[in-house]
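Using the sequences plus the hints, can you model the full thing?
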Amino acid sequence: MSQSRNLNVAPATAPSQSGGSGAITGELPAYRRSERAPESRRDRWLTGSAALPLGLAFLVGMVGCTTLIVLDASVLRSGIVPHQPSIAGYLQALGSRLDFKTFLIALLAMTACYAGVVVVGRALPLRVVVGAIVLLHLIVLAGPILLSQDVFSYIAYARLGVEHGLNPFTHGPAAAAHDSVFPYVGIVWRHTPAAYGPLWTLASYPVAPLGLEASLWVMKVVAGAASLGTVWLVWRSARRLGRDPLLPTLLLGLNPLLIIYDVGGVHNDLVMGFFMMLGVWLTLEARDGLGAAAVIAGAAVKATCAVVLPFMLLSRRRLSLISGTVIALAAIAVVSVAVFGTHALDFVSVLRRQQSFVSTDSFPNEVAHLFGRAGVFPVDRALLRVALGLVAAYLLFRVWRGYDWISASGWTLLAIAVTTTWLLAWYVIWTLPLAVIARDRRLLWATLAVGALFIAHQTSPLFSPL
Amino acid sequence: MTSVPSTLQRLPPWLAPRDSEAPGPDRRRRLIEGAVLVAIGLLLAAAVIRDVVRQVGVDDRVVVDKRTWVHYTHHNIKLVSVLTNTRNNIDFACGPPHAHATYRVCLMLTGGSHGTYRHISGGYRLGLTGFDVRANRYDCFGLPRHQHLCPRRGVVR
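Listed in order, the protein sequences are those of chains A and B.
Residue 1 is where the first sequence starts when you use the numbering used here, and the numbers rise one by one after that.
Residue 1 is where the second sequence starts when you use the numbering used here, and the numbers rise one by one after that.
Misleading hints may appear alongside valid ones.
[What the hints assert, rightly or not] From the structure, some residues in chain A lie toward chain B, with a derived Cβ separation under 7 Å:
hint, residue
1, Glu-366
2, Val-367
3, His-369
4, Leu-370
5, Trp-400
6, Arg-401
7, Gly-402
8, Tyr-403
9, His-457
10, Ser-460
11, Phe-463
12, Ser-464
The hints are simulated quantities; they were obtained by calculation from the structure and are not laboratory data.
From the three backbone atoms N, C-alpha and C, an ideal C-beta is built for every residue, glycine too.
Take a look at the structure:
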């Protein structure tokens with residue numbers, strides 16, 4: 001059991017860190033299983049003979065819940081499954097229409113199993129954990145699009161540019177209302193130009209000529225590969241930091257919000273997360289210039305990724321980081337202007353407008369209800385921005401004074417998720433890849449707590465007669 | 001090694017950049033940060049629980065609203081739309097009163113939702129299509145009439 005894990009733990013030495021994770025100061029041994037402190041009674045229980053069958057049972061539970069959701073969703077005609085072409089019609093005979101209660105019970109059961117796996121995870125063989133992560137991804141990827149219509153917007157913007165010769169940063173999908181993808185685009189976004197970075201919009205262009213169904217499958221594969229790639233980068237980063245990589249990998253790769261909402265919804269946040277973690281890993285490998293370039297690439301997919309960069313720069317204080325940033329920015333700017341003209345930056349104003357929306361799941365909205373108010377007003381939004389700015393400034397100062405820049409980046413992303421009035425499930429996941437490898441363990445607890453609160457907020461239909 | 005330009009090293013000690021945090025845990029700072037995090041966590045948890053309870057209450061109310069509308073119109077349809085209010089318990093339930101109706105009957109429902117039916121404080125008629133806004137309402141009665149929710153009085157269209 002543990003032998004298979006030992007084989008995957010770095011036997012060689014690797015640069016590790018003293019103090020903040022921004023300071024690679026010498027050759028220190030990477031994580032070795034044998035160097036762990038003597039196991040306590042609690043540790044012995046968590047890795048004892050009962051832990052393995054328990055962990056396997058939890059994994060089977062997660063696979064079962066995911067399979068149930070995907071099979072039932074493949075029947076379509078459900079509020080949880082957006083209007084879409086029947087790309088997973090081959091599964092329809094195996095499922096029945098997915099209603100809210102079935103979905104919520106499966107999601108809660110999956111979350112409980114996830115918590116169980118995390119508790120006894122250290123007893124699980126590496127191959128089983130990796131196999132479970134890959135299997136969950138494959139199950140979700142084999143099914144229909146879940147819970148979101150965003151992927152149709154991605155394809156619509158690509159088709160605007162390629163098939164209709166329109167600039168997706170100046171036109172919404174409604175500009176090509178006769179296009180085959182248009183009926184599937186969310187009503188709110190039909191007149192909205194692209195809110196994504198120019199790199200993502202450009203990278204999605206090759207899928208446009210493939211037709212709608214083939215485009216969806218390509219997008220699914222990209223999302224799945226990005227998610228698994230992020231998990232792999234978390235593994236590598238944890239090893240680089242001299243930690244047992246199994247728990248971080250498991251915490252990220254099996255997370256129900258990641259599997260069902262992020263991968264199931266085929267969100268480009270997964271691609272952003274991949275570039276973000278690529279930047280983190282490259283920086284930990286002391287390849288600062290490339291690390292900064294990867295973060296810029298992530299920001300050119302989705303602007304949120306840029307949050308990591310100031311913390312990286314302040315902590316590392318290296319010229320190569322600045323040069324990597326400048327070169328990457330220049331390269332993306334040149335390509336973007338060549339393809340989209342000066343409108344490539346218009347997505348910033350779209351994002352600003354989007355931030356004025358209010359989603360029912362956003363924490364500010366819930367807090368407003370708690371205090372008897374109808375919802376969030378512009379003055380509240382201004383106060384939230386000030387609070388977010390203060391948090392970011394405090395964290396920047398802390399990083400300047402030696403605090404772990406990975407933790408600080410994670411706290412800032414978490415603060416954005418908590419203070420935004422437009423919170424979606426996949427925003428809650430932004431922090432997780434950083435939280436699982438961060439030096440400050442409070443970040444991991446806070447991230448998991450926010451995820452749990454988000455799931456808890458979905459449960460009202462369980463208690464209602466509707 | 002992290003390179004720190006020499007000019008930065010001349011900053012006062014409390015402001016100078018550091019490669020790692022000062023040795024020894026800063027217990028006071030951690031305590032303050034921890035207290036802030038716990039306070040925020042409790043606030044968010046309370047808000048989530050309150051919102052779930054509120055939503056469940058609204059959902060329960062909607063069921064009674066629909067039952068009241070069906071009882072009043074003697075027309076048992078499922079597509080009764082209910083407009084709920086988050087700040088008080090005044091709801092508006094609307095639907096066509098019979099299969100061939102060219103208008104919708106909207107009822108203003110007030111009072112508790114613990115009984116079989118809610119109290120009907122009034123209502124108005126509304127075209128089959130179009131938003132429930134003042135300009136589209138007519139034949140107000142009860143509270144809506146006193147509150148001038150209709151722009152005019154007219155015959156049934």
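Hint-by-hint comparison with the structure:
1. Glu-366: At 4 Å from the nearest chain B Cβ, A:Glu-366 passes the 7 Å test, so the hint holds.
2. Val-367: Since the shortest Cβ distance to chain B is 5 Å, the answer is holds.
3. His-369: Interface hint status for A:His-369: holds (5 Å vs cutoff 7 Å).
4. Leu-370: holds (4 Å)
5. Trp-400: holds (5 Å)
6. Arg-401: Holds, because the Cβ-Cβ distance from A:Arg-401 to chain B comes to roughly 5 Å (cut-off 7 Å).
7. Gly-402: holds (4 Å)
8. Tyr-403: holds (6 Å)
9. His-457: Status holds, d = 5 Å.
10. Ser-460: At 4 Å from the nearest chain B Cβ, A:Ser-460 passes the 7 Å test, so the hint holds.
11. Phe-463: holds (5 Å)
12. Ser-464: holds (3 Å)
Violation of the numbered hints given earlier is absent; every hint is satisfied by the structure.
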